Amino acid sequence: MSPDFLIALIILSNFTLVATSRVNKAIQIAAVQGVLLGLIPLAMGLGRHAHILVMVVAAIAVKGWFIPFMLRRALHQVHINREVDPYIGYTFSLMLCALGTGLSLVLGHMLPLKVGTKVLLLVPASLATLFTGFLVLVSRRKALTQVVGYLILENGIYLFGLLLIEEMPMLVETGILLDLFVGVFVMGIVINHIRTAFDSTDTRHLAELKD
Amino acid sequence: MSQSLLPTSIPGMVQGAVHLLTLLLLPPLLPGLINKVKAVIAGRSGPPVLQLYYDLAKLSHKRALFSRTTTWVFLAGPIGTVAAGVVAGLLVPFGHTGTPLPFEGDVILFAYLFGLARFLTVLSALDTGSSFEGMGAAREVTFSALAEPALFLGFAALAKASSSLSLSTMLLGPGIGAGRIAGPLILVLVGWTIVFLAENARIPVDDPNTHLELTMIHEVMVLDHSGRPLALVLYGASLKLLVLGAMLMDPLLPRTTHAWQNWLVFYAGLGVLALGVGLVESMTARFRMTKVPQFLIAGILASAFAFLLLLV
Amino acid sequence: MNLYLCAVVVVLSSGVPGLFLRRRGGAVAAVLMSLGALLGVAAALWVLAGGPVQVFALPPTPMGAAGLLTLDPIGALFALPVFLLSACAAIYGIGYRDDHHDNVRTLRLFLGFLAASLAFLVAATHALPFLLGWEGMAIAAFVLVMTEDRQPEARRAGWIYLVCTHTGTLALIGAFALLFGATGHWTFTALPRGFAATGLGTALFVLCLFGFGLKAGVMPLHLWLPSTHAAAPSHVSALMSGVLIKMGILGLVRLLSWIPDPPFWWGATLMVAGAVSGILGVAFALGQHDLKRLLAYHSIENIGIILLGLGLGTLGKSTGHPVIQVLGYAGALLHVLNHSLFKGLLFLAAGSIVQAMGTRDLERMGGLGQRMPWTAAAFLAGSWAICGLPPLNGFVSEWFIYLGSFRALGSFRWPWSLAILAALASIGALALACFAKAYGTVFQGLPRTTAAGAALEAPPTMLVPMGILAGACALIGLAPVLVAPALDRVVAGLGNGASLQPVALLGNLPRLSLLALLLLGLALLLWRWLRPLAPADLPTWDCGYAGATPRMQYTASSFADGLVGGLRWVLWPKVHGGQVTGTFPVDRPFASHVPDPILDRAAAPAFRFLALGATLLRFFQGGQLHIYLLYVLLTLLLLLLWMVV
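Protein chains in written order, with the numbering used here: chain A, 111 to 321; chain B, 4 to 315; chain C, 143 to 787.
Derived by calculation from the structure, the hints in this document are not laboratory data.
Note that the structure is a prediction, hence the values are computed from the model and not measured.
Every residue gets a Cβ at the ideal spot worked out from N, C-alpha and C, and that includes glycine.
Fair warning: there could be bad hints in the mix.
[What the hints assert, rightly or not] Calculated lysine to aspartate or glutamate pairs in the EDC-like style (CA-CA distance at most 20 Å, straight line): (1) K65(B) - D679(C); (2) K294(B) - D703(C); (3) K716(C) - D738(C).
[What the hints assert, rightly or not] On the chain C side, residues computed to face chain B include the following (Cβ under 8 Å): (4) L531; (5) R549; (6) L551; (7) G552; (8) L560; (9) A567; (10) S568; (11) L572; (12) L574; (13) A575; (14) G582; (15) L680; (16) D684; (17) S700; (18) G704.
[Stated by the list, open to error] In silico negatives: residues of chain B with every beta carbon more than 10 Å from chain C: (19) S12; (20) G15; (21) A45; (22) A60; (23) L192; (24) N212; (25) P254; (26) L255.
Please model the entire structure based on the sequences and the hints provided.
The following block contains the structure:
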């Protein structure tokens, strides 16, 4: 299985995510994307390094299972299933996402990167995922969807990090996972607080906190 | 330059003993003299010269009364005034007779002992909660904030002139009162006379004989004292008169050959001082309260100008 | 040094057990802090008594050479009050009441943190540990000031403090960078002769004066000080006023110890700064109605006295007059110690009063001397000492500075020391007036409010620390010879190697002790003569008027009115109301207060102007998370495009 194939799947999952209105579905897609990401190092033929194997397992466990699991639990507690009335409509989001991906393809080839990579699509895909993550973060109202956006954003950074996978010390890698975990954790707390304070998880209410 | 703590020679001890006796016994005579002078000028016979001794004897047999609002601080005023006055009196030379305890820098301690006495007197006044005494205390601290710099600037001028920090050299050292120091010295003495009148609550700053509490400074602060504490207050005031008077008169006293002659000169000097104060009190009226700061600032200026004269 | 480091660690951890204990956390913290303080004081005294200078190399840092902790006499002298006051504050803190439980724990934790930072700082002789200690101190103090964070006043004070302290640190980083440029390493060492006269030397002095002066609260840079001291819990105020602001002085002392030949104008500048701080500090104190703000302004005044001494010593050093140098420096350094003792004492006593009264307003107090006799005695002892009156310790340090400036009268071309004399004399007289006002209004007369009439004496845990501090004040005042050898060693560290005369000889300390004892003996004799005392059971003789009420007493404002009026041109008091018209005037409200010149009249309007300009930027603060994220996205895009193009 070529890594480019996995990356194409990831870009596809980005589009799906932007187009879906169901929160549950979004979480599912994020989980799938996590698993795909985790598999990339194997597809790059790095399975012989023990520490990379450990990382693969950890990434799949955290991104593919643990975080989606937590998000689903949160979803059950807040009783919502649909992202209603987003800032940017689904069709328009899809177009933006496509635009972003196209831009990433252009940018990805023009960026003056020091390290050459054998994987053609890695840089554009990472940028595209980054944009998608931002897009979700910017355009959605529900805090849970925003967490998903944040996850996708992190995935983009992770992909970028894969550029350096052979030189990258494990420390940095685990650092990214930790960062992600903390991010989700913090947002979880924020969600909880919004819920208790405003009795809903709509982030519009946060504007009331403005000084 | 190791100094012994106390005088060691026999003449030194005798001198010290006379100094101590003068310091402890003479003070009540001064107010009596001043009052006699004033009475004579006004054409009255006036109270006896020894009146204050009689008063002190009478008061020391009287029971003291205390207000409910007072605490032990009420007594700290009279005690502090006398204790600080006596210690200050040990530092100041009585004419050319020598000081029992001279040392470099005694001038600072001397000034601060009066500060201590003032602090305790003021607190003692405030302890009664009477608004009259509060008024007096406020005036006392206000005016002394101006008297203090005048005193210190005078010290600075004399310290520069005599290159010494000891009162006995500053006031009586060789060359003080002669040559190019004479001009500055006169200015210092003018400044100090103002300080002397203010510190001892004399006319034109304060009137010791006034009967209107609203216009008093020192007298109103001790309204509530009675019996032995009052005796201490009166004695302390006369002590201050003597000690500051000695400081003021010292530079003017001539030096003689024998110790006993020096003592006589000193006593005569005190008599002159009492006469002078009596004359001033007979001939001037007291200032309006708002005029007093200007009077004291004149004192500061005189002392400061004395220092400037020494620079040129 | 191990002993000292143990002390730092114990002090640091003193608040930790309290985090997990349901009760008695304060007592545990007090025990630990006292233990650490004993160790620290022992280590410091060992060095001050002539023991070897202790050096401890920290692990290597990114800044090249290993950082150094050195407990030299200068550090040891500053360490003494740090440990002593920390222990007193911790013991006092047992009785500190607060309905918000978490804050008390934070308070204890950070009190230990502050004490440890201070102890670390005084021993730092390398730029990195110095800045570490400095920042640790700043942060801990910020948290402590914010203890009562439900009050807007405390929050405001905390933020102002934070801004000021970081501005100061910025200047210090610049100063250390200059130092690195001059010597080539970050360890504090003597600078070459002639350096101080160069442009770099001038820049170093100016940066240090600004950075350290801001911490010390020198007059135009004092804007954070009064509100912080007023808003913090009182034992924190004691620690801040007693030792924290002294760290600015420590910095200046360290600077002077590196310079073998300070230029004349350094001394003159220090002296002028001292005179300004001293006189204006006490003048503003006179105008205050808030007990703790009043004390805070007196801290500014005392920093001024310390600077007068430092300036005098530096003048002596630069002109080659060792006697003046010794007396000036000895006075300044002893005043550092003395001020922490008596100001700590005053703040602790003030804290008991505030706790008993629930207010800091002088005009609502009165008559507390009868209900809180021990607190009153402690406050009186502190006032006595701070006014520099014999026979307490405040007199001894001022004594040195006076002696030095009298001796310097003929030594310099211009009468610089005359200014010191005039300043010291005015400060002394005004301080006396101010403390007569404070003690008189708080403790004497009749209670002005029902709260004042119902006040209760503080618990023993609050009285014991005051007793310790008062005892220390009396000890130094009566037997200054005890501290003289230590002072000699510290002053030698500030010299340029030339042999100096001992301060005990220059200051005639035995003679001073003798006279102080004589004074006490006389007072005791007179006291015996006055006894037995009649019971105090009569009304005050109010010149025949028997219906006097507490409201008719002289108030703090009226007491200070003469002086405040005389100093109107510098204090600018604000007066509201009080205009009485007509033959039969009706009730009129009257109020007056003295705002801080720098904070309320200069800094606050300037910052308000700045804030007005900044509101334009508020356009970007829409309050919508999405928009903020969009900004991030746009920035990222721009950066990417910028890289490509």
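Quiz prompt | Closest C-beta approach of S568(C) to chain B relative to 8 Å, hint status | solution = Result: holds, 5 Å to nearest chain B Cβ.
Quiz item: Regarding the hint that L572(C) lies at the interface with chain B, is the smallest CB-CB distance below 8 Å?
Solution: With a minimum Cβ separation of about 5 Å from chain B (threshold 8 Å), the hint on L572(C) holds.
Quiz prompt | Hinted contact G582(C) with chain B - closest CB pair below 8 Å | solution = holds, 3 Å
Quiz item: Under the criterion of a CB-CB separation shorter than 8 Å, is A567(C) in contact with chain B as hinted?
Solution: With a minimum Cβ separation of about 4 Å from chain B (threshold 8 Å), the hint on A567(C) holds.
Self-check item: Given hint R549(C) near chain B, where the shortest CB pair must fall under 8 Å
Solution: holds, 7 Å
Quiz item: Measuring from the C-beta of L574(C) to each C-beta in chain B, is the shortest one below 8 Å?
Solution: With Cβ-Cβ at 5 Å, under 8 Å, it holds.
Practice problem: Could you check if L551(C) really has its C-beta closer than 8 Å to a C-beta on chain B? | Solution: holds, 4 Å
Exercise. Quick one: work out the minimum CB distance from A60(B) to chain C and report holds if it exceeds 10 Å, violated otherwise.
Key: The assertion about A60(B) holds, with a minimum of 14 Å to chain C.
Quiz prompt | Status of the G552(C) interface restraint (C-beta, 8 Å, chain B) | solution = holds, 6 Å
Exercise. Identify whether the interface hint at L560(C) stands, where standing means a beta carbon of chain B within less than 8 Å of its own.
Key: At 6 Å from the nearest chain B Cβ, L560(C) passes the 8 Å test, so the hint holds.
Quiz item: Taking 20 Å as the top limit, are the C-alpha atoms of K716(C) and D738(C) close enough?
Solution: holds, 11 Å
Self-check item: Status of N212(B), Cβ more than 10 Å from any chain C Cβ
Solution: holds, 16 Å
No hint from the list above goes unmet by this structure.
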